[in-house]
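Enquirer: Read off the chains here:
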Amino acid sequence: MSAGVVATRCGAVSLPWGNRMTLTDLALQNLISPMVLFFVVGLFAAFAKSDLTVPEPVAKLLSLYLLMSIGFRGGAEVAHHGITTQLLGSLAAGVAMSFSIPLLAFVILKRTSRLNPVDAAAVAGHYGSISAVTFAAVTGALNQLTLPFEGYMVAVAAAMETPAIMSALNLARPYRDLSASETGHSVWREVMLNGSVVILLGAFLVGMITGQKGLTTVKPFLVDLFPGFLCIFLLDMGLVAGRGLQHGRKYLTTSLGIFAIVMPLMGAAVAAALSLLIGLSAGGTAVLMTLAASASYIAVPAALRLALPEANPAIPLTMSLGVTFPFNLLLGIPLYISVANTLAKAAH
Amino acid sequence: MSAGVVATRCGAVSLPWGNRMTLTDLALQNLISPMVLFFVVGLFAAFAKSDLTVPEPVAKLLSLYLLMSIGFRGGAEVAHHGITTQLLGSLAAGVAMSFSIPLLAFVILKRTSRLNPVDAAAVAGHYGSISAVTFAAVTGALNQLTLPFEGYMVAVAAAMETPAIMSALNLARPYRDLSASETGHSVWREVMLNGSVVILLGAFLVGMITGQKGLTTVKPFLVDLFPGFLCIFLLDMGLVAGRGLQHGRKYLTTSLGIFAIVMPLMGAAVAAALSLLIGLSAGGTAVLMTLAASASYIAVPAALRLALPEANPAIPLTMSLGVTFPFNLLLGIPLYISVANTLAKAAH
Amino acid sequence: MSAGVVATRCGAVSLPWGNRMTLTDLALQNLISPMVLFFVVGLFAAFAKSDLTVPEPVAKLLSLYLLMSIGFRGGAEVAHHGITTQLLGSLAAGVAMSFSIPLLAFVILKRTSRLNPVDAAAVAGHYGSISAVTFAAVTGALNQLTLPFEGYMVAVAAAMETPAIMSALNLARPYRDLSASETGHSVWREVMLNGSVVILLGAFLVGMITGQKGLTTVKPFLVDLFPGFLCIFLLDMGLVAGRGLQHGRKYLTTSLGIFAIVMPLMGAAVAAALSLLIGLSAGGTAVLMTLAASASYIAVPAALRLALPEANPAIPLTMSLGVTFPFNLLLGIPLYISVANTLAKAAH
Amino acid sequence: MQTHPKKRIDIIIEMPLLRRITERFDKAGVSGYSVLPVVAGRGQTGAWSAGGQVSDVGQMAAIICIVDAGKADAVLDEVFAVVKKQIGFVTLSDVAVVRSERF
Amino acid sequence: MQTHPKKRIDIIIEMPLLRRITERFDKAGVSGYSVLPVVAGRGQTGAWSAGGQVSDVGQMAAIICIVDAGKADAVLDEVFAVVKKQIGFVTLSDVAVVRSERF
Amino acid sequence: MQTHPKKRIDIIIEMPLLRRITERFDKAGVSGYSVLPVVAGRGQTGAWSAGGQVSDVGQMAAIICIVDAGKADAVLDEVFAVVKKQIGFVTLSDVAVVRSERF
Ligand SMILES: Nc1ncnc2c1ncn2[C@@H]1O[C@H](COP(=O)(O)O)[C@@H](O)[C@H]1O
Ligand SMILES: Nc1ncnc2c1ncn2[C@@H]1O[C@H](COP(=O)(O)O)[C@@H](O)[C@H]1O
Ligand SMILES: Nc1ncnc2c1ncn2[C@@H]1O[C@H](COP(=O)(O)O)[C@@H](O)[C@H]1O
Ligand code: NA
Ligand code: NA
Ligand code: NA
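Chains as they are written, first to last, in numbering that gives the first Met the number 0: chain A, 0 to 347; chain E, 0 to 347; chain S, 0 to 347; chain P, 0 to 102; chain L, 0 to 102; chain X, 0 to 102.
If you are wondering where the hints come from, they were derived from the structure by calculation, not from laboratory data. Using N, Cα and C, we set each Cβ at its ideal position, and we do this for glycine too. Careful: at least some of the hints might be erroneous.
FRET-style restraints, in silico, Cβ to Cβ [to be verified]:
#, chain 1, residue 1, chain 2, residue 2, range
1, A, 192, E, 172, 20 to 30 angstroms
2, A, 346, S, 210, 35 to 45 angstroms
3, S, 251, E, 172, 56 to 66 angstroms
4, P, 80, X, 46, 36 to 46 angstroms
5, L, 83, S, 82, 27 to 37 angstroms
6, E, 215, S, 81, 47 to 57 angstroms
7, E, 175, S, 24, 55 to 65 angstroms
8, S, 91, E, 143, 34 to 44 angstroms
Straight-line C-alpha distance at most 35 angstroms; calculated DSBU-like pairs for lysine-lysine [said to hold, decoys possible]:
#, chain 1, residue 1, chain 2, residue 2
9, L, 70, L, 26
10, E, 48, E, 344
11, P, 70, P, 26
12, L, 84, X, 26
13, X, 70, S, 109
14, S, 212, E, 218
15, L, 70, L, 84
16, X, 84, L, 83
17, A, 218, S, 212
18, L, 84, X, 84
19, E, 218, A, 218
20, L, 83, S, 109
21, S, 249, E, 218
22, S, 48, X, 26
23, L, 84, A, 48
24, P, 84, E, 48
25, A, 249, A, 109
26, X, 84, X, 70
27, L, 26, L, 83
28, E, 212, S, 218
29, E, 249, E, 109
30, L, 70, A, 249
31, L, 83, L, 70
32, E, 249, X, 70
33, P, 70, X, 83
34, P, 26, A, 249
35, E, 109, E, 218
36, S, 249, X, 26
37, A, 344, A, 218
38, P, 84, E, 212
39, S, 48, L, 84
40, E, 249, A, 218
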């Protein structure tokens, strides 16, 4: 992870690949990383109807590991650099996007798709929230490029997980038969205490409290193994996304397919503008763009099954996991990095 | 793990933190280690009714890993230092405590609690035996303090696992309807061949046979990852202990709650006296105290379900996992280390 | 893994243990490696009826890891050395053996055993194919001896997995009631897309594409942890082989028991001759011999349950896992290495 | 051996809903229940499989509950209040038990 | 609560055969099925356990399918075509469901 | 399709007791049995869940055994000798099978 970048002005960081690397180079280098290639292996196996499977408890372990590693390292980073106004600004930007992107998404969906309003609200909620593995992938790509980013972005990621759920419920409310719905209170408890939110924030706090010393103790596990674990995780994501696409193909109309690619780009654009405002580094801008562009496939679906049971869970999952995630992993991330880098240079 | 400490007189080892660190410092330093903090995250998640869970097969892998790592490293250590009279003395002390602590516990329980005699015997058996993860935690804390301890203590831990079960059965016998019980023979087989006992002893033997050379081969896995794996394991223990406390609250009368904290202290005191007699190092004394203070939650419960089915398994498990384990992890271990260190200095 | 050995004549490599190590030394050194000893612990636990178990999802993860690691490293190796005629020759030799060893095995089984022809064909298919964990074990042993081998042997291993299945089906065809059988097409799909084949080849390709740079990224996971993961995997194999032997004892007639030891030796002999022809290094020869000597217990059984359902799956599994695997691990591998080394020296 | 007739209720329900159903069971005063994992399936909403899944959404669990015939209807009412809005279904069948007082 | 009689088909079958059976179910036009894991067992071909197994061979799965009584025979025929050559068996029993139109 | 009536015995029992029960099945001469995992439950002794558990104590397993009606009583006797002292229970129900000679 980064070092020293938060304290200095970002443009001052001399990027090792600064002028030489074009967007195409970047996209290519991203595509031939082991992580992305294992994702492709998974996709291939799924479409070829191979019986290759990562056992479910192992997939859950990988997800737990990823969240622990991301959270802990982010916390240790914040312990190192302290709480700055830029950190608070980024948090505010993240929360604002998580709240507002669903509104934008809902409007677009109502105009372009034939989804009923409750399903449209559910999809919108997924796009306001974030995907932790996409976050992991962009940080992995930045590390490989030795392009530093603000360590507290993991806190921003955590903060963006849940506001989108509130937005989705608000959007859906006018169209629901509320007599049948559960009381709001218990739902909120369940949403905020979703396992993935708790472990991400918990690990972040542990990292903040134990700092670099704690990080040293667990480094061989939480840091050194990260790329390898990410390879298996992305293999699994390829399998799950590929199979999800096959099962959920029927839900994927042309307009929803286009939405699942255009919406991330719009989210990334909003994030890019906010990043300029906050004065994030090139790396930090790329991360915030990726967060805005990514769509949830763990926290939001789980919350909406409880809070919005009338919505068909297969529609947003097919879009998020089957289209948006592969798009971001294969093309989006290099694009966001490239744009972020151009913007950061332009800002000087 | 330790080096050279077994051969020399222990007082001669200059402890890096010798005079400077008070008990409070020690307790604080222990409390802000990543392992202990992840345990707290688990406890919190359980009490907040989060759905965070470590999948069962992963928990079993972590336990297997822990036993393999502890056993292997202990064996390699013994291969290095050979079998000494001190080793034999420690083994004898461990076995004696495992046999006799249940008697003490049984007497106390009969006087202070309203448990029926069979349940009292079952609880007593748990406190005579040991908890491998508590052993792992004390060795972790000692490593962080760079305070060496005798490597063969893992053999002592293994030796202390099962005698307590025999004691518990003897204590319960007068109160049982023996016509209904299974034949003793098959029960003993099952107890001695409990998976956790077999893997701990098996790894110990493998470590003894392959020595430092074998250890080098597996070091990245069995040694370097240990703190990280311990973090997830303790996260899981926090979840399980927290949920166990909620389910088992009804069994936890005041007298049993007090017992679950006083009994470890009494066990630790006995172990401290025996350590002086054997001439253990400060680190070794801390380990033996912790072993005596810890209560089983794997080997003994499993054995007693087979050998003493009339006993309610939830009572000792709630006490051992819900009270004694957190107590030892959070407060007991720094206390035992501090006392052990004072004793070791006093012995000179 | 190897370096530089493929390009030079093999005899020119000065083997560090060249003249000094006898077969007995080698066998002993093999026997006291942690991996083999953990296998023995597993065997012991199974025969002693301990309840020690590696959870099934963990066993599946270990197998996935092994195949990923082997495949990736082999691919990176080939990326380094390029595709040579020797590589193509080795592939051809492997495929030829996988096709023809079942014929030899079938003839022997028909003469020496009382198996019905369909079961004999099934057993023959297992012996033509290979066992990935035996491959892992021989490469582990070679690494410990610092005896290099051709990295592309993993591609040979992958190529040897499936032709044997075709042979087995051909051998069985005259004895089957074909009206009842499934259509050949879908069976072939399922065989070629067996999860273990896909991940081995997939990881090989990823390794080939990302090369040494990719390997560096995932080294702490895919390379450094390999010996440790292999220890747990072999512990599990010991447990499964031991229990399989107990359940399948009734199928293991004297003649089948002898076959399960003689057939590997015959396969190894064929492979040794072909290795001389191709001009493989001592290490490469040892690997090819081990591949030929090993019997499948994942890909072939799975394929034959679909394609040859009349065959009793317990017979070949008991032979392959219960007899041939332990034989190769404990005695075969040192023997093959020793012979390979002698041959390589004689070839000059 | 002397046996007594009881009702067995089998429920297949989405995993995320488990806690809601079991709270209903407590409310209906059943003596107990058991949850079994389901690893794959197909229904009107399509096919699914637990393999490789990181989250519980879209996965099912099976709940078995043995109740006294007299209580069955009350339990069904409680359970159905949850199930009808969610993916899943309920079946009822006859079983015999040995110790009647347990249920 | 108003219930309707249906048939429950339980199948215990080798894991590698799962896909073949479910294809038969689709062919027979059932409304759905659920697959439950089996972790150990014993039969005429001996005892087995899933513990530590790297492959699916020799392991079993349980399939549950609720069907209309009228369809049961057709489903049984399809299923039996696969099961009879493989290790496994089929049972049929009576259940009641609440929403009849589902099945 | 021609079917034959049999009895299905369902047992929910503590995991550590599994081996004892299956030994009883062998003694009673049943043709086979299957063990299914149970992941959570509640009974008179309280609620439990397999999640995160390192040991088997307090966890349950489900055993299914199809037997001939004539043998059911003998099997129940054997099984009950183990179950009555432990946490768990037994139910009996009617099923039909296709191949009668199997059981
Ligand atoms: N007829 C059936 N028999 C057994 N399980 C079923 C049946 N129909 C549905 N299921 C299960 O219930 C889940 C949800 O069904 P559905 O709501 O129809 O999509 C399916 O994925 C199956 O696991
Ligand atoms: N009578 C039975 N009751 C329940 N399960 C059985 C029975 N017989 C066989 N099985 C299951 O079916 C598998 C295969 O049986 P078999 O074909 O008899 O070897 C066994 O391993 C058990 O899991
Ligand atoms: N009425 C019931 N229906 C289904 N499962 C039950 C029932 N009662 C108990 N169980 C299961 O059996 C276990 C032990 O029950 P108990 O002995 O009553 O504590 C529970 O944890 C449940 O898994
Ligand atoms: Na987003
Ligand atoms: Na103790
Ligand atoms: Na072979």
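Enquirer: Does the structure keep residue 249(S) and residue 26(X) at a Cα separation of 35 angstroms or less?
Expert: Measuring from Cα to Cα gives roughly 20 angstroms; hence the hint holds.
Enquirer: Given the hint that residue 344(A) pairs with residue 218(A), does the C-alpha gap stay at or below 35 angstroms?
Expert: holds, 33 angstroms
Enquirer: Would you say the C-beta atoms of residue 346(A) and residue 210(S) sit inside 35 to 45 angstroms of each other?
Expert: 36 angstroms Cβ-Cβ, so the 35 to 45 angstroms window holds.
Enquirer: Decide if the proposed pair is consistent with the structure: residue 70(L) and residue 26(L), CA atoms, cutoff 35 angstroms inclusive.
Expert: Between residue 70(L) and residue 26(L) the Cα gap is close to 12 angstroms, so the pair holds against 35 angstroms.
Enquirer: Quick one, are residue 249(A) and residue 109(A) close enough, alpha carbons at most 35 angstroms?
Expert: holds, 19 angstroms
Enquirer: Holds or violated: are the alpha carbons of residue 83(L) and residue 109(S) at most 35 angstroms from each other?
Expert: Roughly 27 angstroms separates the two Cα atoms, so the pair holds.
Enquirer: Sort out whether residue 26(X) lies within 35 angstroms of residue 84(L), counting only the CA atoms.
Expert: OK: residue 84(L) and residue 26(X) at ~29 angstroms, within 35 angstroms.
Enquirer: Does residue 84(P) pair with residue 212(E) here, judged by a C-alpha cut-off of 35 angstroms?
Expert: Given that 35 angstroms is the threshold and the Cα spacing comes to 62 angstroms, the pair is violated.
Enquirer: If you check the beta carbons of residue 80(P) and residue 46(X), does the distance land in 36 to 46 angstroms?
Expert: The hint (36 to 46 angstroms, Cβ to Cβ) is violated, given that residue 80(P) and residue 46(X) are roughly 21 angstroms apart.
Enquirer: Are the Cα positions of residue 48(S) and residue 26(X) separated by 35 angstroms at most?
Expert: holds, 19 angstroms
Enquirer: Regarding the pair residue 70(X) and residue 109(S), is the alpha-carbon distance no greater than 35 angstroms?
Expert: Given that 35 angstroms is the threshold and the Cα spacing comes to 42 angstroms, the pair is violated.
Enquirer: Compare the distance between the alpha carbons of residue 70(L) and residue 249(A) with 35 angstroms, and conclude whether the hinted pair is satisfied.
Expert: holds, 27 angstroms
The earlier numbered hints that this structure contradicts are 1, 3, 4, 5, 6, 8, 10, 13, 16, 18, 21, 32, 34, 35, 38 and 40.
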